[in-house]
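Asks: Residue numbers (the numbering used here), protein chains in the order written: chain A, 1 to 416; chain B, 417 to 519.
Honestly, the hints are just simulated from the structure, not real lab data. The C-beta atom is built at its ideal place from N, Cα and C for all residues, glycine as well. Be aware that a few hints might be false.
[To be verified] Pairs of lysine-lysine residues, derived as DSS-like cross-links and limited to a Cα-Cα distance of at most 25 Å, are as follows:
no., chain 1, residue 1, chain 2, residue 2
1, A, Lys305, A, Lys405
2, B, Lys450, B, Lys423
3, A, Lys6, B, Lys486
4, B, Lys486, B, Lys436
5, A, Lys61, B, Lys436
6, A, Lys305, A, Lys71
7, B, Lys450, A, Lys40
8, A, Lys40, B, Lys486
9, A, Lys61, B, Lys422
10, B, Lys450, B, Lys422
11, B, Lys467, A, Lys71
[Unchecked claim] If you want the footprint, here are the derived chain A segments under chain B, 3+ residues with CB under 8 Å:
no., segment
12, 50 to 61
13, 208 to 216
[What the hints assert, rightly or not] Negatives, chain B to chain A, calculated, CB over 12 Å:
no., residue
14, Lys436
15, Trp505
16, Ser511
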Amino acid sequence: MVTTEKEYLDILRDRLTGYITHEDLEEVLEEYAGHFAIGKSRGRTEEELCTALGDPEDVVKEIRAAYLIHKAEQNRSAGTIWQATRATTHLHGLSSAAVIVPFVLCSIVFGLVLIAGLAMICGGAVLLFLAVIKLLGIALTLPWHLSPEPGILTALGIFVLGIIVIVVDVWLAHFFGRLTIRHLKGKLPARKDAGSFPPQQGSPQTFAIGRDGAAALDLQVRMGAGELNLGSGTDGQALVSMTSGSFGCTSPLTYSSSMDGATKRVWIRNRHLSWWCAHDWPADEHAYTGEIRVSREVPVTLDIKNHAGRTRLALGELSLRSLVIKNSVGETLIDLTGYHGGSFDAAIKNGVGNLVLRLPKDCTTTLVLHRGVGSMDVRGFVVNGDTYTTTAPRPDAPRITIRIKQGVGAVTVEAV
Amino acid sequence: MNIQFKKGVIEICVLCVLAKKDCYGYELVDEISKKIDIAEGTIYPLLHRLKDEGLVTTYLQESGEGPPRKYYRLTDAGRSKEHEQRDEWVHFAASVNALLEGS
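For reference, chain A alone in the conformation it holds in the complex (with noise of 0.2 Å):
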């Protein structure tokens, strides 16, 4: 039995320790023995307060459950999602079997199917190879003797469902892991609004997808093939705006929108690809006016794919807590300029295009660079290798990482 402060404390640092962040861990103690002193300042014993607060273990219970949830949310694997699953188990004194035993069927059956296709993949690249040798009239000995000879359609077909079989069951295998996720969390599927907006020719068109006291944005954009620019400022309430301009030719952006706890997630697709018709495709830059704006008033996680298409970020007057960017062939152009929001991580992959990268000078930014084929030019940095460096004058400054992966284009950086 815990019976003085120092040993309650004692135990939250040990068994915490490795599993939370050193800061989280801190303030978890700060809290506690905040907690201590007050109880004591009213003429409370640190026994009666140990007692009143219950047993340490329990704390600690509650603190590596979420904190694994919270990570298997982060990053999506097995062996994540496994931990926090095991965690919440112990956490609520269920039976381990009801939880593991469905876990670990699963685990079986997509490793299963996964191994199937891959044996589809190699088998029908085997026959393939053998079905063209054969076309081509050459005689091989075999080792063995293949009875029928195969087709070179059969091949094909067995090699082509082999992937097939494979994108499936990854898709399905994802799906479920964001399912347990939900369901570790307690939390039933949120409501969704869910639409398209269509850009009307001619006249500029504003939807909103309203804030309802949302403390935090988590966007996605996904663009089939489109010009995409993305800005900031939103007038009034509005979380995310989108307004049409003058396109080339109409094709609907379709849009969702949910809550999860006090952040509102919207995704933004336009899957099709009508806007890639080149004799729709305007002709004057300045005709394509549509763009989305996100507000600047909560912290926003942004996840954008363009497959085709110029992109033009604009995110020096947003708070960023993340950023991911892949676009696959176009220009793409990001500017932080004058970037004072939270320190974030970013990922940028660029496949086919320029890349023009603005970064704010008075934070402190790190730059990690892996590069195909094109030039280079990264201006006000301090080069060691692949990494790029400046330092803020401030110490308070907000923190930058960027990695960024670029296949053929050139690439320009510069701090202003």
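Let chain A serve as the given structure and place chain B on it in line with the hints.
Replies: Just chain B now, kept in the frame of chain A:
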């Protein structure tokens, strides 16, 4: 009372207490444990989670005695969550009571 049973209700209690006024940790814990018998220590992890979810924020304020205290305050999202959960609870409790009295 069953511990799982209590856990779900504690979140509503925390939100309701904070809806009335901002509290520092000890004050909040004290307020709740006066009415409900619960391991006080488990309220702090709950506060931490509510903060992570953006339902509460914290700020430091000087106190007459000792170091500055960390106060918890409901955010707008916390406030609407409080309304929502309070309504749900009232409905639920009324239904349960009706059933109990009916038997």
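Asks: Now tell me if each hint is right for this structure.
Replies: Going down the list of hints, with the structure as the test:
In summary, the hint linking Lys305 of chain A to Lys405 of chain A is supported, as the alpha carbons are separated by about 14 Å, within the 25 Å threshold. Proximity of Lys450 of chain B to Lys423 of chain B is assessed by CA-CA distance (about 16 Å); at most 25 Å being required, the pair is judged to hold. Between Lys6 of chain A and Lys486 of chain B the alpha-carbon distance is near 21 Å, which keeps this suggested pair within the 25 Å criterion. Straight-line distance between C-alpha atoms of Lys486 of chain B and Lys436 of chain B comes to about 17 Å, which keeps the hinted pair within the 25 Å bound.
A distance of roughly 30 Å separates the Cα atoms of Lys61 of chain A and Lys436 of chain B; the hinted pair therefore is violated under the 25 Å criterion. Between the alpha carbons of Lys305 of chain A and Lys71 of chain A the distance comes to roughly 23 Å, so the proposed pair stays at or under 25 Å and holds. The suggested pairing of Lys450 of chain B with Lys40 of chain A holds, with an alpha-carbon distance near 17 Å, which does not exceed 25 Å. Our distance criterion of 25 Å between C-alpha atoms is met by Lys40 of chain A and Lys486 of chain B, whose separation comes to about 17 Å.
Between Lys61 of chain A and Lys422 of chain B the alpha-carbon distance is near 17 Å, which keeps this suggested pair within the 25 Å criterion. Under the criterion of a C-alpha separation no larger than 25 Å, the hint pairing Lys450 of chain B with Lys422 of chain B is consistent with the structure, at around 14 Å. Of the pairs offered as hints, the one joining Lys467 of chain B and Lys71 of chain A holds, with about 16 Å between alpha carbons and a cut-off of 25 Å not exceeded. Counting residues of the segment 50 to 61 of chain A whose CB lies closer than 8 Å to any CB of chain B gives 7, which reaches the minimum of 3, so the coverage claim holds.
Check result for the segment 208 to 216 of chain A against chain B: holds, 5 residues qualifying (beta carbon to beta carbon below 8 Å, three or more required). Chain A leaves Lys436 of chain B outside its interface by the beta-carbon criterion, the shortest separation being 19 Å against a cut-off of 12 Å. Every Cβ of chain A is farther than 12 Å from the Cβ of Trp505 of chain B; the closest lies at roughly 16 Å, confirming the non-interface assignment. Non-interface status of Ser511 of chain B relative to chain A is upheld: no Cβ of that chain comes within 12 Å, the nearest being about 19 Å off.
Violated hint for the displayed structure: number 5, the only one.
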